[in-house]
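Numbered by the numbering used here, the letters in the sequence shown go through residues 1 to 187 in order.
It should be emphasised that the hints constitute simulated quantities derived from the structure, not laboratory data. Fair warning: this is a prediction, and the values are worked out from it, not measured in the lab. Just so you know, even glycine gets a beta-carbon here, dropped at the ideal spot from N, CA and C. Among these hints, one or two may not hold up.
Under the rule of at most 30 Å between Cα atoms (straight-line distance), these lysine-lysine pairs were calculated in the DSS-like manner [what the hints assert, rightly or not]:
hint : residue 1 : residue 2
1    : Lys-58    : Lys-148
2    : Lys-126   : Lys-181
3    : Lys-181   : Lys-88
4    : Lys-163   : Lys-148
5    : Lys-93    : Lys-148
6    : Lys-93    : Lys-126
7    : Lys-58    : Lys-124
8    : Lys-158   : Lys-148
9    : Lys-124   : Lys-88
10   : Lys-57    : Lys-126
11   : Lys-158   : Lys-93
12   : Lys-93    : Lys-163
For each label pair, taking beta carbons as the anchor points, the in silico distance ranges come out as [unchecked claim]:
hint : residue 1 : residue 2 : range
13   : Lys-57    : Thr-185   : 15 to 21 Å
14   : Gln-176   : Pro-111   : 19 to 25 Å
15   : Arg-157   : Arg-183   : 32 to 38 Å
16   : Ile-151   : Lys-88    : 31 to 37 Å
17   : Glu-113   : Gly-156   : 28 to 34 Å
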Amino acid sequence: RQLRSTAAMLCAHSTLTLGCYTANKPQHDIATCKCRQYGNKQQKQYLMRILSVDYGKKRTGIAVTDPLQIIANGLVTVPTSELMTFLKDYCSKENVETIVFGEPVQPNGLPSENLKRVRDFAAKLKKTMPDVKIDWYDERFTSVIAHKTMIDAGLGRKSRQNKALVDEISATIILQDYLQKKRNTTL
1 RQLRSTAAML CAHSTLTLGC YTANKPQHDI ATCKCRQYGN KQQKQYLMRI
51 LSVDYGKKRT GIAVTDPLQI IANGLVTVPT SELMTFLKDY CSKENVETIV
101 FGEPVQPNGL PSENLKRVRD FAAKLKKTMP DVKIDWYDER FTSVIAHKTM
151 IDAGLGRKSR QNKALVDEIS ATIILQDYLQ KKRNTTL
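Put together the whole structure using the sequences plus the hints.
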């Protein structure tokens, strides 16, 4: 296949491009491709999302990157009891390279009471989805930063008391910091 751009990747039925032209197929966008299967080895990692998880006893905040792994956005807050189902469903629909868990440690560096639950869940997830990389990022002070962000954004007291929103923002902060660290280590 001849391409006018080097930013192309193969999927099961055509050449995918990032907004460029292919000689023998019309433009084909990875975000709308219906042929994607979980674990498709032909897909390049630079067009895969990263999820972050702010795991809690009752609720879990989730954030996600765009396929180019440039921007982190809050996705949703789900009840922790439904987290495994949500992640399996999401990963079957979207290309997910890595799931980053916030590592709950105390300010003095000792493990928090939630660390064992998070590690147990991550181990079960890895057995369920072995092709998805599991990574960890220190989540100290993310809730405090999330509250400050909400104040800076001008949210009222009622909105700031929404714990689900705090969890989602915390997951976004974890993901933004993770992306920044990843960029800094590759430079």
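Hint-by-hint comparison with the structure:
no., hint, verdict
1, Lys-58 <-> Lys-148, "holds (23 Å)"
2, Lys-126 <-> Lys-181, "holds (23 Å)"
3, Lys-181 <-> Lys-88, "holds (26 Å)"
4, Lys-163 <-> Lys-148, "holds (14 Å)"
5, Lys-93 <-> Lys-148, "violated (33 Å)"
6, Lys-93 <-> Lys-126, "holds (18 Å)"
7, Lys-58 <-> Lys-124, "holds (18 Å)"
8, Lys-158 <-> Lys-148, "holds (14 Å)"
9, Lys-124 <-> Lys-88, "holds (12 Å)"
10, Lys-57 <-> Lys-126, "holds (19 Å)"
11, Lys-158 <-> Lys-93, "violated (34 Å)"
12, Lys-93 <-> Lys-163, "holds (27 Å)"
13, Lys-57 <-> Thr-185: 15 to 21 Å, "violated (32 Å)"
14, Gln-176 <-> Pro-111: 19 to 25 Å, "holds (24 Å)"
15, Arg-157 <-> Arg-183: 32 to 38 Å, "holds (36 Å)"
16, Ile-151 <-> Lys-88: 31 to 37 Å, "holds (36 Å)"
17, Glu-113 <-> Gly-156: 28 to 34 Å, "holds (32 Å)"
Of the hints listed earlier, those the structure fails to meet are numbers 5, 11 and 13, in rising order.
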